[in-house]
Structures are given as structure tokens and as C-alpha cells.
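K.L.:
Spelled out, the chains give:
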Amino acid sequence: MCIKTLDNSCPLCDAIDTLAARSMGDQRRAACERMHELGWPSRSDDAFRYCPLKEAANTNWFPAPVADADASLLESLDVAGTGSRLVFVNGRFDKTASSPLPEHTRLLAPMLGDMELDRAADFTDDPFAQLATALVEDGVVIEVPDGRSVADPIHIVHLTSTDADPIASTLRIAIRIGKDARACVLETWAGEGPALLTPMTEVELAEGAHCDHARLVEHGEGVLHMGAIASRQAAASTFESVVLTVGGQTIRTLAHASLDGEGAHAALRGFGIGDGDRHINSRLRVSHMAPNCTSREIFKHLLPDQSSAAFTARIFVNHGAHGTDAVQTSRNLLLSPDAKSWSRPELEIYADDVKCTHGTTTGEIDPAALFYLRARGVPEPTARALLAWAFAAEVVNEVPIASLRAHLARRILAQLPGAESLDEGVVSL
Amino acid sequence: MSLLEIKNLHASVEGIEILKGVNLTIEPGQVHSIMGPNGSGKSTLSRVIAGEETYEVTEGSVSLNGKDLLDMDPEARAREGIFLAFQYPVEIPGVSTKYFLRTAVNSIRAHRGLDELDAYGFLKLVKEKAAWVELDPALLDRPVNDGFSGGEKKRAEVFQMAMLEPTMCILDESDSGLDIDALRVVANGVNQQRSPERGFLVITHYQRLLEYIVPDVVHVLLDGQIVRSGGKELALELEAKGYSWIEQEVAAGA
Chain R
1 MCIKTLDNSC PLCDAIDTLA ARSMGDQRRA ACERMHELGW PSRSDDAFRY
51 CPLKEAANTN WFPAPVADAD ASLLESLDVA GTGSRLVFVN GRFDKTASSP
101 LPEHTRLLAP MLGDMELDRA ADFTDDPFAQ LATALVEDGV VIEVPDGRSV
151 ADPIHIVHLT STDADPIAST LRIAIRIGKD ARACVLETWA GEGPALLTPM
201 TEVELAEGAH CDHARLVEHG EGVLHMGAIA SRQAAASTFE SVVLTVGGQT
251 IRTLAHASLD GEGAHAALRG FGIGDGDRHI NSRLRVSHMA PNCTSREIFK
301 HLLPDQSSAA FTARIFVNHG AHGTDAVQTS RNLLLSPDAK SWSRPELEIY
351 ADDVKCTHGT TTGEIDPAAL FYLRARGVPE PTARALLAWA FAAEVVNEVP
401 IASLRAHLAR RILAQLPGAE SLDEGVVSL
Chain E
1001 MSLLEIKNLH ASVEGIEILK GVNLTIEPGQ VHSIMGPNGS GKSTLSRVIA
1051 GEETYEVTEG SVSLNGKDLL DMDPEARARE GIFLAFQYPV EIPGVSTKYF
1101 LRTAVNSIRA HRGLDELDAY GFLKLVKEKA AWVELDPALL DRPVNDGFSG
1151 GEKKRAEVFQ MAMLEPTMCI LDESDSGLDI DALRVVANGV NQQRSPERGF
1201 LVITHYQRLL EYIVPDVVHV LLDGQIVRSG GKELALELEA KGYSWIEQEV
1251 AAGA
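In the order they appear, the protein sequences are chains R and E.
Letter by letter, the first sequence follows residues 1 to 429 in the working numbering.
Letter by letter, the second sequence follows residues 1001 to 1254 in the working numbering.
If you are wondering where the hints come from, they were derived from the structure by calculation, not from laboratory data.
Warning: the hint list may mix true and false statements.
[What the hints assert, rightly or not] Example chain R residues on the side facing chain E (calculated, C-beta under 7 Å, incomplete):
no.	residue
1	L53
2	K54
3	A57
4	F371
5	Y372
6	R374
7	A375
8	V378
9	A390
10	A393
11	E394
Beta carbons are placed, not taken as given, at the ideal position from N, Cα and C, and that holds for glycine.
Required output: the full structure, derived from the provided sequences and hints.
P.N.:
What follows is the structure in C-alpha cells.
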């Protein structure tokens, strides 16, 4: 990605120029300019201290070509059960591969001048969020009217497709749920690299609204997934979000949950399994702006090989946000001596009468539990795999869609060292 | 051939010697009890037999039916027939008790040349054995020992023992923390499993458990050595007089 210079020969900048000439000119140009100002992140940039992006800095990214959905890949991603499925390839809607649009859902068409972007998001310091705005071609808006409930999950699938060139693409998802309304949205990100993706999901919840949200990241090799999730919540609304990482090279999730109305609840969860030198990076901010809001952040990583995970999370409690109840947890299980994890909890509190707790643990498999299982005749590799699976199961079991839970379990067991000695019965818990 | 034979066993942890030459022979069908004050090495002995790697065996031998155990992994010892009922069974959130137990049972059955139990056969066995220790089978839908009360944990250990059908059962303070009714239930579960082939090593602080599980031989372990062995009346004597008289006698003899 050409972020360092304003060299107009950069194919990505050319593409942004072309898009800007057709739609959202000012917005795209402003985002592109800001992106150049910020530059490609380095380790000295605090927000990217743990993120291995150096190699990618010298990559020349090309705009993603128009491509068809890979049918067999798509088939392997049938994770939403009975719900509808909207398929995007390289940032563009694939009508043939998609089911009919479900109720309360429409395509966001920035190319047609539908430009309701960045209503919930405020990621002005993130170059990848800027790229998401500059490069957007298609998106989805899920707008559930007051009092309505969408029973089936709405499944959004994004596939990357490239012959050899490193490609960049993005997709915008806007979820707007009315008063006392409810919906469940599932995103799946898959496909091979080399690719740079900047997924952006914006969530706005009216009073008493409820949104279940899951983002499943199961890219192939060489994919940089630099995603963001922004949410704004009115009083007594609930946002339950989980990011599940079972693929990709570098997976960054930038999340900002803003609890704007009294009694709102946000749960941000994450689970990731490493593989090779995969890096999973979560940078979260929960803002308690109103009284009596609750937030829960639970991130767990299972790290074999040379994989690594970084968790940086800030709880911000505004003046007057009394009765705040915030919990932040990060747990890492290192399955190899070369695996690494970093945890950085941050609290910024301007109110009295608040309860904010954070905890972080990093360790190996508990030797007492391992001995217990082995002393009952369970072979060591099986016992290790069983304990590692148990670590994952705590998050997997919380996933709101049964078919996704089963899919996820298969993906995790496929990557877990020693898991070939476990059978599917292990998932039943 | 003896069932369990321990000869001159020395073991240390972090360079500190805990067992200082233990000799013990258990014949098939026998119940032996080991008593002794805190820190005398009772739990260490049980863990060394089961194969916990934090203990280093520096001298001596342990064999089961003539096979050297010390070269085996803990899982291999379990397959040969060793079972240790833990004093503090570890809680393992996320691991289903049934799944774990089915894996364990089938691993041991495979070693004995038996077919794997299918789901139906396994559940039938669970129901039968759970009744022995009055264990609510619903507990087995929970993760291993997770949220179990102290008494439930001890009963679950004896239940697992019944499921795995070991030849040499070691109970490490299976009576600690139990009230008299729970103690009777646990002891009853153990007594159901007594057979002419099976041996028991019952480690306890108190004579009380031995009223229910009546031993053939009682040993006193003191500072890493068995200093006295006798019949079940030795346990009564210890209950009445404590350990200090033996300590004094040992000191005088030395």
C-alpha cells in the first residue's frame, strides 16, 4: 500500500482516484489524504507495537479484481444454519452466489451515492480505517424497525480471490436496530492471500435493542485482516459481539463500543487459535458515557508454534457515569516455547462509584490437570489436546448459533496439535 | 507373585529427600493402610507410585505383578492397573466428565484387549457404578470435578475407580473433609470393589475410615520410612496414643 508518499503511480491510489471521480469524491480524497498522513504503521507507533507489519510495508497492493465466488470454498462456509446468506467477492456483491435479500436488509451502494459511512465509527488515527472509507465499493445495511425481531441469522460472507498480485479490498457493514428490536448478524471472512482487507462494521442500537454479532475470520495464508468494529448504544440496549479467528496471517481487530444511554450492556469477546507465525491483535476501547452500563471483555488465545497474540484494551468511564460495571479479561494458553502474548489493560476513570476489574493470565497447560488425566490412562498427547480444547470451549460454547459452534469446533480441532486423537464427542459440552 | 512390591524406595522433590527407603509388599486381595503424621511422605508415596514427574526417584524399585513401574509414563501405569484416588481432585472446566471417562475407560480396555465400549454400553456401566457411591449421574454432565462439593469429589473418585477396574487401588486421604454419612458411602463403594485379585493401599490420618474399610495390614510411615507394621489393632493404638510414642521408640532404637 502506498501510504508513505503521494506517488500517483501507486495502483491503489490510482484506484481511489478513479472511485473518487465516480462517487463520494470528497470523503474518499479526505480519507486517502489522512491515510498518507498517518503512513504505514511501524513498531514505534504505539497502536501497532506488537503487530508484525514490516514485511507488508514493502508490498505493492493492487485494487482487487472483479471475480466470481469459489463454489467449493463457499460450500465449506455454510455456518449460519437456516439464515440467508449474502456473498461478496473482493469487496463486491455477488448476486448469483447470494440468497435473496432478507427482510430489513438492503445493499449499501456507495457507488450510487448512498454515503452513510462513519456514523458510528471514529477511527481517525487508524490508516486502515481510512483505507476502508477510501476504497469502499459495496456494503450491507441491516435496518430493523422498532419492535421487530429478525429470527434467523443474517450471514454475510466475504471471499478474497487473487491470481498472484497482492490485493486490497474492503466491505462496509452497517447494522441499525430500532427500539426494542432484535437481530443476529454473522460475518465470515475467507479466501487466500496475498491480500490486505479492511473490514468495517458499524452498529447503532436504539433503546432496548439487542444485537448478536459474530465475526469469523478464517482466511487462508498471506491475508492481513485489519478490521474494525464500531458500536453506539442507546439506553438499555445490548450488543453481544465475538471475533473468532481461525485463519489468516495478521488479524487485527480495532473495536470501539460506546455506551451512550443508561443501562446499556456490551460484551466483546474474542477467541483465536494461532498457526505458524499468525498474529492476532485486539485493540479495544469501551466508553462508559452514561450511568449504570455494564461491559464485559473476554479474549482468549490458544497459541502453538511461533504464533502470538496482543490484547490492548481501555475502559473509559466518563464524568457522571456512576454505577459502571466493567470487566476485562485476557487469557492465553501457550502451547509452544516460541509462542508469545502481550496484554495491556488500561483504565481511564472520571466517575465515582464504579466497578472496573481486569485480569490477564498467560501460561502453559496446567501440569496438575495433565497428571490427573494421564493417571486415569489418557495418553499424554490426547490429554494435552483435551485441555487445550477445554480452554477454547469456554468461548465456543457462548457462540449464539449452533451451526457456527459446530463449524468453529471443527476448524479449531483441525489446527490443534494432537486433536486427531479426540473424536467429535468432545464438542458436545 | 506379589501384586505390588516396593523396595528401598527413595524419592525427592526439588532436591529434598521425602522418601528414605520405603519397603512394602501387597499381595492380591489385601488391604494395606498407611498412617502417619503430616509431612511423613504418605502423599508423596502415592504420587510416586502413580508416576507424577515432579518427584525424582533416586533409588529403589516399584513393580506391579513383577513389571517395573518406574520406567512407565503415568498413563502406562494406569493401563497396567494402578489407580490413585486423589486427595484433592483437580477441577478441569471445559472437559466433559463423560467424555474424559469414556476416553480413559477405552484406553484401558484397549490395553486389556477388550473392545471399545459404545455409548450405550458406557452409559449402562456409568449407571451401575454411580449407584455404588450414590453419585447423581447428572453430575457427570458437568466438567470434571467442576463445582463439585468436597464430598462429591471424593465419591466421584471412587466412582471413577469402579469404572476403570484397576488391580491396585491407592486412596490418598479419601476420608478427609467427609462427614460420617459420606464416609460410609465412600467406604461402601470401596468395599464393593474388594476382590481376591485386587489390592488396596489406603492412606489416612484417622482410624475412623478403617472401621469401614478393614485393613489386613497397617503401616506407620515416619520421616519417609515405614517404621512399624501390624494388624488393624495398630490403628486403634495410634488413635489412642498418637504418633509420639513411635517417634520416641524409633529414636531410642536408632
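K.L.:
In ascending order, which of the hints set out earlier in this document are inconsistent with the structure?
P.N.:
Numbers 1, 2 and 3, in rising order.
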